[in-house]
Amino acid sequence: NAGVTQTPKFRVLKTGQSMTLLCAQDMNHEYMYWYRQDPGMGLRLIHYSVGEGTTAKGEVPDGYNVSRLKKQNFLLGLESAAPSQTSVYFCASTAYGDTQYFGPGTRLTVL
Amino acid sequence: GQQVMQIPQYQHVQEGEDFTTYCNSSTTLSNIQWYKQRPGGHPVFLIQLVKSGEVKKQKRLTFQFGEAKKNSSLHITATQTTDVGTYFCAGTNTGFQKLVFGTGTRLLVSP
Numbered sequence: 001n002a003g004v005t006q007t008p009k010f011r012v013l014k015t016g017q018s019m020t021l022l023c024a025q026d027m028n029h030e031y032m033y034w035y036r037q038d039p040g041m042g043l044r045l046i047h048y049s050v051g052e053g054t055t056a057k058g059e060v061p062d063g064y065n066v067s068r069l070k071k072q073n074f075l076l077g078l079e080s081a082a083p084s085q086t087s088v089y090f091c092a093s094t095a096y097g098d099t100q101y102f103g104p105g106t107r108l109t110v111l
Numbered sequence: 112g113q114q115v116m117q118i119p120q121y122q123h124v125q126e127g128e129d130f131t132t133y134c135n136s137s138t139t140l141s142n143i144q145w146y147k148q149r150p151g152g153h154p155v156f157l158i159q160l161v162k163s164g165e166v167k168k169q170k171r172l173t174f175q176f177g178e179a180k181k182n183s184s185l186h187i188t189a190t191q192t193t194d195v196g197t198y199f200c201a202g203t204n205t206g207f208q209k210l211v212f213g214t215g216t217r218l219l220v221s222p
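Top to bottom, those sequences are chains R and C. The opening residue of the first sequence carries number 1 in the working numbering; numbering runs sequentially from there. The opening residue of the second sequence carries number 112 in the working numbering; numbering runs sequentially from there.
Everything labelled a hint here was simulated from the structure, so no lab data went into it. Just so you know, nobody snuck in bad clues.
Computed from the model, here is a short list of chain C residues facing chain R with C-beta under 7 Å:
#, residue
1, 153
2, 154
3, 156
4, 208
5, 209
6, 213
7, 214
8, 215
Built from N, CA and C at the ideal position, the CB exists for glycine as well.
Just chain C, with the same shape it has in the complex:
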């Protein structure tokens, strides 16, 4: 079945440093979504990418969808303590009915 892996599993940065998490799928995706889960909370939608090579920005967050639509990345510029949490990518290759979630990257930011 379809598998979605994320690296790294965990990263600890100092506030102000940049952070990147990478998402790789075993199959071509029709779209990819990113979610953030704060400690003790539930996943919250951040963004969806649909087009090959697409790049979207949300303030300090930059999301990219690979040309082959099998990988994606999330880059945070100048991390803040409010960025703490686990970031998940999720993709589908079967229309839009169900997502396969990545394993997640846990980000810890020290002040």
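For reference, chain R alone in the conformation it holds in the complex:
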């Protein structure tokens, strides 16, 4: 069991470039989440999904899009990256809302 994996681990973008972050889980979890973590601000929810084919906005959704075409995968897209999106991005999954299992994170820098 790999648990929750994230690809890539690190990425540097220029302003205006686009990219997709991939999250995969092998625990057959229904719920999946994308968070961003900035110094002194804890974890803030970007988007989440309560099942295959569903997505919903979290606390800070602007500038991001998501898709959950397969139950095990949750993709986070940045269409036009901005320096304000420099952050560490964590994906998490849970069966039905109890323990959240986090991936190792993606460190994104936007220049």
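Model the placement of chain C on the given structure of chain R, informed by the hints.
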């Protein structure tokens, strides 16, 4: 929207001293979870509290959920260097679909 604050933001203790972090929500919570994040790592689930006034222990860690279900605390007895990290509380008042994370308390333990 729902806000969850933690105090202190940072604490530096000598090994063997006790440590407490407090979590306060602007709204009543249906449950609260605690996570630990080691430096450079990802959040790892510690425990979940559901009942008003609930107290749970894990070895040297004691977790408490307030009677009004708006606050919680984590107390570590006789800290060790392995306790270093950031401790987050996270709660929900909308069922179990999504959590709101606190701002975190960073603990540093000197030998």
